[in-house]
Structure formats: structure tokens, C-alpha cells
Amino acid sequence: MIHFDNVTKVYATQSRPALDHVSVDVDKGEFVFLVGPSGSGKSTFLRLVLKEERPNSGAIHVAGKDLARLSNFKIPHLRRRIGCVFQDFRLLPNKNVYENVAFALEVIGKPRRFIRKVVPEVVELVGLEGKAHRMPDELSGGEQQRVAMARAFVNRPMILLADEPTGNIDPATSIGIMKVLDRINRTGTTVVMATHDAAIVDSMRKRVVELEDGKIVRDQSRGVYGQAY
Amino acid sequence: MRANFIFSEVWIGLRRNLTMTIAVIVTVAIGMALLGVGLMINSQISAMKDFWSDKVEISVFLCKKNDAFPQCKGSGGVSQQEQAALKAQIEAMPQVQGVEFENAAQAYANFREQFKNDTVMISAIQPGDMPESFRIKLKDPDTYSAVIDALKGAPGVSNVINQKEILDTFFGLLESLRWAALVVAIILVFAATLLIGNTVRLSAYNRRRETGIMRLVGASNLYIQLPFVMEGVIAGLIGGVVAAVLLIVSKVFLFDQVQRYLVSNNPLTWETVASVISLTMIIGVLICVLASFVTLRRYLRV
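Chains as they are written, first to last, in the numbering used here: chain X, 288 to 516; chain S, 9 to 310.
None of these hints come from the bench; they were simulated from the model. Some hints here could point you the wrong way.
[Claimed, not checked] If you anchor each label on the Cβ, the simulated ranges turn out as follows:
| # | chain 1 | residue 1 | chain 2 | residue 2 | range |
| --- | --- | --- | --- | --- | --- |
| 1 | S | W19 | X | A346 | 44 to 50 Å |
| 2 | X | R443 | S | W19 | 28 to 34 Å |
| 3 | X | K502 | S | L230 | 50 to 56 Å |
| 4 | X | G454 | S | S286 | 54 to 60 Å |
| 5 | X | R443 | S | L230 | 20 to 26 Å |
| 6 | S | W19 | X | D353 | 40 to 46 Å |
| 7 | X | A486 | S | I30 | 36 to 42 Å |
| 8 | X | A346 | S | V191 | 55 to 61 Å |
| 9 | X | D353 | S | A11 | 33 to 39 Å |
| 10 | X | G351 | S | R216 | 31 to 37 Å |
Computed from a predicted model, the values in this text were never measured in an experiment. Note that the Cβ used here is the ideal one computed from N, Cα and C, for glycine as well.
Isolated chain S (complex conformation) (with noise of 0.2 Å):
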């Protein structure tokens, strides 16, 4: 085997189809890309959600002197009894893992610590504005509803706050943003391999001459086949490395600028970009090589 024929043969068959070979390119980049963002948003989800699923609360409100919530009118906040009633209700359920009370002190810390860089709303909040309230840790967060049903509307209780359903609410923007990348990706790539059919099928006739010689001379199927596969497999690399600029790319100006308004020390890592990044490159690649593969089957007759 002649590695230099060979490669010569590659050089002359892409600069033949110019611009074919480019479509190949910038079609493999763009959907190696979103397969590989929807690879990448797939990895956060399951980081952000491992991390939450340890943090996620349910806040148990309790009313406070001249309270707002209906719950609460004219009781003049919770009381001691109340308070205590509600703590061994919490605690005698069987999804309840744990409780915390939290009173208004450490409340407004909390608070404080949060909205550290906002002084209009420190200066407008009083430690009495705080509620008391009881957080409350499941077993299993899925597990909810019981839960919330039993402590809403329970005497001394203003509001019930699930922070899984807020998060709920922030995944399932995420999921769909992820099947939007994939299923696009999936278009592309099906796009590709019909361009690369053609590729592989143009270069087959313009070359027919020579591979017609090939044959006759006994040259074996594997070198005659392999200048075109390998046209396919280099257009397929070079968009496969455009593609990983991309992904580079969207990593530090799109997921590290998201991932500062987020809570949660969770950032996408450049390991798992570049197992992304190694993952879409053969894909790529391999689609290339059955796509030139199957053509050749069809067009050139060995």
C-alpha cells in the first residue's frame, strides 16, 4: 500500500469538488456542534440535578404578627403551641428525612447573605419582616405532594413552597432546549450523509477513468476504494474540528456566562467537553465512512 498515492488521489479528488466537499464540512461542523450541545446541556442537567436533589427544601411558612396570607388573618402570628404541634406532625411523617426550624434571625442572615450586593433591598428589610418557617428534607424528593397537602392550610401555617417544582419548572426549559439541539442535530447529520453520498458519487465519475484501469490491472478493492472513503473520512475531520471550535466556543461564552446567574458550583468542565468534543469527532467520522462506503458499493462496480 502507497500511502502517498493514495493521498495524492485524496488531495486531487477534493479540490475537484470544491464545493461539494465544503457543504460536507460546514454541514458535519454545525451538527456535530448542537449534537454536542445537546451533549453538554445533557451533562448539566445531571450535575444541577444531583446537586439539587440534596438541597431541595420544602419551606413551611409560618404567619407572623398583621400577616398578609389569608391563612393567617387575625391570629396574631404563630403560636408556641401551634409551633410544636406543627414540628411533631412534620416529624411523625414517613417521606420526612428531616426538619429544620429557621427563625426570623437567621432568616434575614440568609437573606442578607443572598442580596449581599443589593443594598436598596438590605436597607428595605427588617429582621422582624422575616418569617419563620420549617425546612423540611424528604427521602425522596419525588415524593412531595402528600407532604404539602397535609401542612397547607394546617393552623399557624402561611405558605408551602416546594423548591422542586421551581426547579421543575427551570429543567424542563433545559430538557426541551436539549431535544431541540439533538433533534436538529439528528436533521443535520441525515443531510450530511446524503452530501457526502454525492461527494463520494461526483469524484466516482470523475474519476472512472482511472478506477476502470485500476480494476482491469488487478489493483485490490480496499485501493481502489480508498481514495474515496478517505476523502469522506478528511471532510469529516475537518468538520469534526470545526465543530470542536465551536463547542470550545459556546463553552466559555455561552454555558460559563449562564452558569454565573445560576446557584450551584456545578460548571461544565473541560473534561467533559472534550470527551464531548472526542465523541461528536467520531460520529462524525464514523458517519462519513459508511456514508462513502455505501455509495461506493452503488457506483463503483469492483
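Bound conformation, chain X alone (with noise of 0.2 Å):
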């Protein structure tokens, strides 16, 4: 699904590279965290992934597509078939919970009755029935990222990037942040979460791939967030 063929990024303003020879290989259907302290390249990996930023060198396939071969024209197709939610949750504060949802269908060009049909399933799955019409502003962190999630996975995409979901969340909300995130990986979704939750990584007993200053220094299925911790 998410191929990395010895990927090399270096950010024009720095001399040191975000990922240093990076060769990883992500199933269909997998769950896999990305750990590793600030800097070491997690969000690099990601926005790559999304074609938000080019590698210096190497071949990435996402989705069976080679990313160095599509064309910028053909990138918003790409991003349809890849959910994102992020730390800051980044909700649309004058839009309710069905609208935050609905947006994401509208702008691709979905028929209205179809929005319609999806979103409620979707507001469902994530926890946050009888909840659609609340504003942001009105919900806490936990139940804005959860509508976050449900806007990523609205459109049924075939992997899900999440950026540290549960960075600005409590570790007691983080658990039910966890409990969607794995329904969504249920459905066949593959997922990739960067995180710095110790915790958490421990006990999901996922796959893990811990980065270090833009190298992989450890890749163990049903791994824990490190030894050292």
C-alpha cells in the first residue's frame, strides 16, 4: 500500500536530511506507528507520502502508483483515496459537526444524497451521534478530533495518515481516540500514526517503526514505543 524504495529528503534551508535512505514497506490493512522524537522525520514521511513535498531521491508507490510519475494534475486523486487528521484537529469553527463532514464530500463533487446517506453513518461510527449539529467551539478536544477522523474517513479512503491524533488530548480521552482509529483499521483501512504516546503504542501491540534523525532504526511487529522508555 505505502512503499518507500530508498527515500531521501533534504529541506533546502537544512544541511542535515529529514529522512536519510528510508526503505519501508506498509501492507493493505495494516496498523503501523511511526515513533521517534521531534525532528527525527515522522511528519516528512507522511507529507510525502501525500505528495506535499518530493524526495531528493528514491521511489515511493502509494496505492500501486508511483508518486515521481503523477502528475500534479492527477494529485488531488490521490489525496481522495488517503485520509489525514491532525494534532490541531483543523475544523472549520463556522461549520457544525455535519457540515465539518459534508465538506469534505462537497468539495469533491459528491451528489447531495449521497452526503446525505454517508455523513450520519460516518458521525455514527466515530462516537458522536445526536452530536451533528454542535459547533466546534462547543465540543471538547476528544469529540473534535473524533469529528476530524470522521471527515477523514467519509470518503472511504484506502489508508489513513494520522499526525500525533492524541497530542493535545488526555490520556483517558486518547483511549477512545484509539478505539476509532482501530474500528477504521477494521474496515481494511491501513493506518499510519505518528505519536510520541508511549502508552498508547504500548498497548495497541502494533506494528512499530521508530525513527532516528531520518533513519530507521527499528521496524518490530507487535512492538512496544521503545526500550529505552
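Reassemble the complex: the two chains are provided individually, in unrelated frames, and hints are given to aid placement.
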């Protein structure tokens, strides 16, 4: 599903590479934690998958597509198959829960009847039934992140990228968020989650890829956050 | 593509930047109106030139008795022989297409016709006061200098008047007016372009959250950019409509009024006004679209 072959990325303003000859494979339906300290290259990895950045060398395949040969015109179609969740939720403050989720479908031109059918299903899947007409500022952080996950998942992407989704959320609420991610993963969606949260990684017992200074230092199935912690 | 989504986005954008939108509308309107006035003057100039080029004549006035012109002093008027010699000389010139003799009675009739509303002038002038003249029509109105040089000072000639020179002064005035209008129009179009760029940039900044999400969920570039471009187009269109009104007003209150003082029956037609209006509208909207796209490429990374 995601295939990195000897990928190196150097940002123009920095001499040290953000990713240094990284090769990794993520299969369809996998759940992968991407761990490592700040600046280790986790976010760069996710941005490369979305083709928000281009690698300096190496090949990236996502959902069977060679990103180097994907024209700019086709990037939106790639992104429709990838859902994204962020630490800061990125909801539209002037739209309610339903509208925020529906927005993702509206802007890719889905018919209204389809939107009306699908959005309530997804709102229920993330555990927000009965709160569809709340505004984001009326929701807790955990609930807002559930809205963001509903938006990321409403188009049934093949891949869900989560960049520290529990970073702004207390540990108790984080468990709920992880349950939703696990539920999404069980539908066959590949999930890649970058995180600092050792407790979550340890409790989930999923594959762990650890990055340090842009290099993969550990790739362990059913792993924990790290021996050192 | 969902039209109502795009239009609601456009409406929000225009309302959030109301002052900038108004500035765009005003500059586009004035710029386009001046461009249109320039084009209208232009079409008037060529219509009048066509009209006059058939009619311009060189008038060779002949001495009459006790004429005040220095050339005529003591001659006691043009003689029959001098008149015949002049006619032969004029007809022999290669530039001349035709020549007509206008006697005093015809000249007086023409004079009465021209000043029919001015009783003082008519009562003051007697048929005997009108000079006889040859009216020369040239093959090419621009080749007058040789003809005039040859006839000025010929015996029996009091004065030579080239209508073309009088007209040229007038056309020169009109042409500088046209250039002034066009230059100001170009400056305003430039200002409008910058203003539209700024408006679109503000809009893009105001809606960076929305566009960021649209990018992430895979909205196409066209879908993301269209609301911004439409904002420019709508502001440009409103400006164009205001310009059209200004142009119609200027036709009725400027061109038609001036026309009454000019001896020429080619008023500015509504067809000309309509084509000028559609041209300025197209230019206005095109400028808006281009300015929006160029700005978006810089400020809305897709």
C-alpha cells in the first residue's frame, strides 16, 4: 500500500536530511505506529505520502502509484484515497459537525443525496451520534478529534494518516480516539499513525517503525514504544 | 461541480472584502469607461475623416472690385482672361480631380443657407460682397501643397483656403483627446490589476483554513481556485456594467451634444456604442481572470 525505496529528503534550508535512505513497506490493512523524537522525520514521511513534498532521491509508491510519475493534475485523486488527521484537528469553526464532515465530500463534487446518506453513518461510527449539529467550540478536544476522523474517513480512503492525533488530548480520552482508529483499521483501511505517546503504542501492540535522525532504527511487528522508555 | 457551493463561497469572499471589492469595481468601471470613450472618439474620428475626405476642397477666391486683399490692390477685380487662364491652369494640374466655378450669386445662396438662423449676418451682407471662387477637388486630399503654391499669388487670385488644414487642426485636437483617454485608461487598468491581485490575496488568506482542508481531502485545483477567480470576475463584471452606463451617458450627453455643433451627418451610432461596451466588458473580465489566476499561483499552493 505504501512503499518507500531508499528515500532521502533534504529540505532546502537544512543540511541534515529529514529522511535518510529510508526503505519501508506498509501492506494493505496494516496498522503502523511511526515513533521517534521531534525532528526525526515522522511528519516528513507523512507529507511525502501525500505528495506535499517531493523526495530528493528514491522511489515512493502509494496505492500502486509511482508518485514521481504522478502529474500535478492527478494529485487530488491520490489525496482522495488518503484520509488525514492532525494534532490540531483543523475543523472549520463556522460549520457544525455534520457540515464539517460533509464539506470533505462537497468539495470533491459528491452528490447531495450521497452526502446525506453517508455523513450520519460516519458520525455514528466515530461515536458522535446526537451531536451532529454542535459547533466545534461546543465540543471537547476528544470530540473535535472524532469529527476530524469522521471527515478523514467519510470518503472511505484506502489509507488513513494520523499525525499525533492524541497530542492535544488527555490520556483517558485518547483511549477512545484509539478505539475509533482501530475500528477504522478493521474496515480494511491502512492506518499510519505518528506519535510520541508511549502508553498508547504499548497498549495497542501493533507494528512500530522507529525513526531517529531520519533513519529507521527499528521496525518491529507487535512492538512497544521503545526499550529506553 | 456544485454551482451553489461555489457561489456561496464567492458571496462570502466578496462580502468579507467589501471595501476592496468596491475599489476594484470603481477602478474597473472608470478604466473601462475611459477606454470606451477613447474607442468611441476613435470611431468618430474615422467616420468624420471618411465623411470629410470626399468633401474637402481648396477654395481659390478671386479678386473683386475694391478688394482689400493686397494681391488685388488696384486691379479692379478679376478679368475674364485671368479667370479663363486660371481655370486652364488648374485643370492642367495632375493632382486635380475636378474644378467648379462658384459665382457670386451661388456663393450668396450658400451663405444664406449656412447662416439661415442669423438674420443680422444675412442683412449685413449683400450678394455683391461675396467673392467668386474656384472650388478644387483633389484626387488625394494630402497632395495640396503644390497646388496651393502654384495658385497663391497668381494674377486675379485674392486668397487660397485649404479646408483640409482647418480640419487637420480639429482632428489633431480630437486625436490628442483620444490618446489622453487611452493613456489614463491604461494606467487605471494597471491599477485595477494590482487591486484585484490584492483582493484575491486577502481572500486566499481569509480562507486558508478552508483551502487547506480542500487540498487535503483532494478537491481539484479548479474547484479550489474557482471561487477566487469568480470573485474577480464578478467584481469585474459589475465594474463593466457601471462602465457601460457611463458610456451610454457619455454618448447621450457628450457625443450627441458635440455632434450638434459639427457640420457632419455621422453621429455616433448605438451599434458602435454596443460594440465598444461589449469589447470593454470582455477586456475587463479578462483582466480580472488573469490577475486572479496569476495571484493564486503565488498565494494558493496546490
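Check the structure against each numbered hint from earlier and tell me which ones fail, lowest number first. Violated: hints 3 and 7.
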